[in-house]
Structures are given as structure tokens and as C-alpha cells.
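Number of protein chains: 2
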Amino acid sequence: MAKITVAGMGPGGEKQMTGEVLQALEAADILVGYQTYLDLLSERWQEKPRLSTGMTREEERCRLCFREAAEGKQVVLLCSGDAGVYGMASLLLSLADEYQTEKEKIEIEILPGVTAATSGAALLGAPINHDFCCISLSDRLTPWDRIEKRLLLAAEADLVIVLYNPASKARADYLQRACDLLLTRLEKERACGLVKNIGRAGTEKKVCTLAELRDMPADMFTTVYIGNSQTRIRRGRLVTPRGYPVEEADKGERP
Amino acid sequence: MAKITVAGMGPGGEKQMTGEVLQALEAADILVGYQTYLDLLSERWQEKPRLSTGMTREEERCRLCFREAAEGKQVVLLCSGDAGVYGMASLLLSLADEYQTEKEKIEIEILPGVTAATSGAALLGAPINHDFCCISLSDRLTPWDRIEKRLLLAAEADLVIVLYNPASKARADYLQRACDLLLTRLEKERACGLVKNIGRAGTEKKVCTLAELRDMPADMFTTVYIGNSQTRIRRGRLVTPRGYPVEEADKGERP
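Same order as they appear, the protein sequences are chains D and X. Be aware that the first sequence starts at 1, since it is given in this note's numbering, and climbs by one per residue. Be aware that the second sequence starts at 256, since it is given in this note's numbering, and climbs by one per residue.
Mixed in with the good hints there might be a few duds.
[As the list claims (entries may be wrong)] Calculated lysine-lysine pairs in the BS3-like style (CA-CA distance at most 27 Å, straight line):
1. D:K3 / X:K303
2. X:K443 / D:K15
3. D:K103 / D:K73
4. D:K205 / X:K404
5. X:K404 / X:K358
6. D:K188 / D:K15
7. D:K105 / X:K303
8. D:K15 / D:K48
9. X:K461 / D:K15
10. X:K270 / D:K48
11. D:K206 / X:K258
12. D:K188 / D:K205
13. X:K424 / X:K461
14. X:K360 / D:K205
15. X:K328 / X:K258
16. D:K73 / D:K105
17. X:K404 / X:K360
18. D:K188 / X:K404
19. X:K404 / X:K258
20. D:K73 / D:K3
21. D:K105 / X:K460
22. X:K270 / D:K3
23. D:K73 / X:K270
24. D:K169 / D:K3
25. X:K461 / X:K443
26. X:K404 / X:K424
27. X:K443 / X:K460
28. X:K358 / D:K15
29. D:K206 / X:K360
30. D:K15 / X:K270
31. X:K258 / D:K196
32. D:K149 / X:K404
33. D:K3 / X:K460
34. X:K451 / D:K3
35. D:K149 / D:K188
36. X:K424 / X:K270
37. D:K169 / D:K196
38. X:K424 / X:K460
39. X:K360 / X:K258
40. D:K149 / X:K443
No lab work stands behind these hints: they were computed from the structure. Note that this is a predicted model, so its numbers are computed, not measured.
Pulled out of the complex, with its shape left as it was, chain D reads as follows (with noise of 0.2 Å):
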């Protein structure tokens, strides 16, 4: 049976890969992705025929898919980090109706992998060790006064929160702007870090205040963290305990 394999390989390097994509990226007759990602592939997987489109060509990357799964072959489409992190899952499941007929059955499989929120977060130390969310900055097909709201309302809640697409060439000051909203509700010295082509040549990290994170320089492949009220900077290292002290546990007291 066709089959068509979305399988996120992780922040970049082969060794951040489960066993389970490398199988899948070996039994594929062909590999679709974004040609960045593609390109991340070791030389080993070099020689697989291969089929991209461009940054918001998605819907194409989708249906190459299914053209290319119709001819029997095994698809595996590549997603960096994980495969359903605003990664390529939905998109694909949701164009299968149109492809999935009586007489026709492709099978999709969805293989998870590492996502940037704790590929990076390793790197910083424990940024996210409790209750967190990911938003992403990019307002090509989110409202921007929806992901206003949602940071607002993270904030309220105390999570970590973690940005993917801080800022982009078209989106140069996203990340000061979100900053700026963050600032109306959160102390200055609220311990952040950013961390910036994970798992790629050129990785950098940084650990700073909400105040400092406001003019760091970002792009398509940062992560950004803002810690809850209980995160600290320890030996340059961006932690969030377990919980909450325990005073405050006992108390029941209301955030």
C-alpha cells in the first residue's frame, strides 16, 4: 500500500533523530521538505531522489505528496523538530480526503521528534521543567491580535513560554514587540534565553532579563524562553523548579 511518512527529524543533526525516521528515511523511494531542512540530511541520504517547494508553498509540498504516494511509492515528508509542532501533520491530514478514495487507500504515518522547545531548552539548562506553552509570532495565518491575547493571557497563567518564529525579515521587530506587551505585566528582570540554530552549525545561546530580551537580534531559527515567576539564572543556566515553595503549596494560596 502507498504510504506517506510526515517525520520530524529533530533540531538538525542525524544523532537527534529516533531510530524510528532513520528506518523511514531508509525505506523511502523519496523524501519531500522544505530544501533547508532537505539540506540538513547527512551524505548518507544524499543520493534519495528528492522534492521541495518554498517557505510558504506548504499546500504544493502537501500534494507532491499524494502524486508521488498515487505511484506507489514511499513518501516521507520531513519537518524540522517534530512532525505536528506547526509542523507539516495537519496540513497533510487535512488535504487527504481529497486524495483517499474507495479504490485508493494511502496509509499516513506520523513519526514525532525532538521540537525545539526542549531541544533548546536543553541547551539553556531547564527552562521549561513546568507547566509551559508554545506560541509562534508569526501572524501569517494567526491574527496578531490573537497571539497578543495568548501572550497576555500565558503570562497571567505563570507559564514558561517558549516563541517559536520570534522574527523574521519581514517581521524584523515581532520578538521587541511581544517583549514590549510582556513588559506591561512582568518585571524587567523576569530570567529569559533564546537559543539560536539548535542542533546546526552556528548555534548560540544566551541567557538574559526580559529587559535584555527585548533588543536581541532574532530570526526564523530562534527559540525564544520567558521563565515563570519562579525561574532563575544559576551558574548561567536558565531554571524553573519542579513546583511551587511549599509555604505557598500549604497555604493554598491564589496566584
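Keeping the supplied structure of chain D fixed, place chain X upon it in accordance with the hints.
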């Protein structure tokens, strides 16, 4: 130099571990972890010396690591899922100050893994494909009031909500309590799902409405998904679109 590696093993099976975690296991002189997780390791690691402590004895577990590392051993502290998502990374780093001296320095390395939020999501379809949060229902270290406040704010923010530790023997009705609270804000038909024993023997998954979720059996090995306003059940799979309908984005309407 003595070294402690805090490693996320993913949901359970070796094929969902990353290559660097397998390398760390290979290099380890001793493995430390909660017994249930050590037992998930395949035959090839069963020869390694190992130490474990019970469920609530995480601090003791970390101290064992420092004691073994002080003897010059390469120690791997195993966590299920990711090392920094309700894992041991934070506690180990918090205790490090007591053991790091001018004379003795212990290197601490954190290796990420595939966390339950994403491995369970892959089994259900693509439930967390937009902004989401992870909230633990365990009130052992966090006051229940704070957990309730988080749930309500997450619902207001229209975040997909992933629940860790939704219930245990001592907290049999916590998932019910959380659902009852969410039902005061969200519609009964909200698309939800849950997965039990991800990547292990006895994997079970279920897609349902929020009203049905309330009465689903859950335990410490269950991960629960509450969709956002756009999440739909498609061919038995839970799918959250990557964004919001274009009309809304065009209007810039407030959610």
C-alpha cells in the same frame, strides 16, 4: 572529568530514542532512574549497573547521581519523555551548587527526548499543530488553585491543552474535575483525545468530545488533549489546523 547526563528516553521503545541518548547509554558506567523507566530498556542495557529510587524520591535520585559521579563515574540519569518536561533536569541543576566545588567539577549535560505531548499527538493525528500548552494536573508540588487558574486562562487563550499526570490512584477524579471546570467555558462538543502507554505495551488511544472525556479512565501513563476552537475529528483523527480561517485574519477580528 566526572559527568552526569540527564537523558530523555522518549515514550519507551528504543526506536523512539535519539542516537545521542543511545550513545550516552553506551558510554555510561551506571544508569540511574525510576524503576519503571529502567525496566523499559531493552536487553542490551540490562547488564549495566543501575540504581533507582521510588516515585516521590526524586531528590534522593539526584543525590545518588552526584555521589556516583564524585567517584569518577559516567552517570546517566534517565527520564521518560524529555529530560526537561516534568523531568529531572531542573532538580539536578538546582542541587548542583552543593556538589560543585573549586576542586571538584562535575559536568552536567542534558539530552532532550521526544516528550509525550508530541509522541501521543502523532498517534492521534495532529492535535497540537498550533499554539499549545502543557499543564500537569499533579498538585503534589503546585497548589490546585493555580492549576485551575491555568486551565481557565489556557481555554480563554484558545490554546490546545495537553494534560500530563491527569490522574493517579490518590487523585482518581482530577481529570473529571479539570473537565468540569473547562466545561464552564468550552462547548461540550470540543474535540478531545487521550493516549495511554504511548510507545509501550498496551497502547490505547481514543478521540472523543470534552463531555465524553470527563468520564474516560485515565492514569499516570495517560496523556490528554483538549483541542482549540478549530480542532476537528477527521476520519477518526484529531486535527488542529495551522491557523485560523483567512476571513478572520483579513478582518483582524478579536477572538
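Quick rundown of the hints versus the structure:
no.	hint	verdict
1	D:K3 / X:K303	39 Å, violated
2	X:K443 / D:K15	43 Å, violated
3	D:K103 / D:K73	17 Å, holds
4	D:K205 / X:K404	32 Å, violated
5	X:K404 / X:K358	46 Å, violated
6	D:K188 / D:K15	38 Å, violated
7	D:K105 / X:K303	46 Å, violated
8	D:K15 / D:K48	19 Å, holds
9	X:K461 / D:K15	32 Å, violated
10	X:K270 / D:K48	22 Å, holds
11	D:K206 / X:K258	23 Å, holds
12	D:K188 / D:K205	20 Å, holds
13	X:K424 / X:K461	21 Å, holds
14	X:K360 / D:K205	22 Å, holds
15	X:K328 / X:K258	7 Å, holds
16	D:K73 / D:K105	13 Å, holds
17	X:K404 / X:K360	41 Å, violated
18	D:K188 / X:K404	24 Å, holds
19	X:K404 / X:K258	40 Å, violated
20	D:K73 / D:K3	7 Å, holds
21	D:K105 / X:K460	22 Å, holds
22	X:K270 / D:K3	20 Å, holds
23	D:K73 / X:K270	23 Å, holds
24	D:K169 / D:K3	36 Å, violated
25	X:K461 / X:K443	16 Å, holds
26	X:K404 / X:K424	24 Å, holds
27	X:K443 / X:K460	20 Å, holds
28	X:K358 / D:K15	33 Å, violated
29	D:K206 / X:K360	22 Å, holds
30	D:K15 / X:K270	13 Å, holds
31	X:K258 / D:K196	25 Å, holds
32	D:K149 / X:K404	16 Å, holds
33	D:K3 / X:K460	21 Å, holds
34	X:K451 / D:K3	25 Å, holds
35	D:K149 / D:K188	20 Å, holds
36	X:K424 / X:K270	30 Å, violated
37	D:K169 / D:K196	15 Å, holds
38	X:K424 / X:K460	20 Å, holds
39	X:K360 / X:K258	9 Å, holds
40	D:K149 / X:K443	24 Å, holds
Checked against the numbered hints listed earlier, the structure breaks hints 1, 2, 4, 5, 6, 7, 9, 17, 19, 24, 28, 36; every other hint is satisfied.
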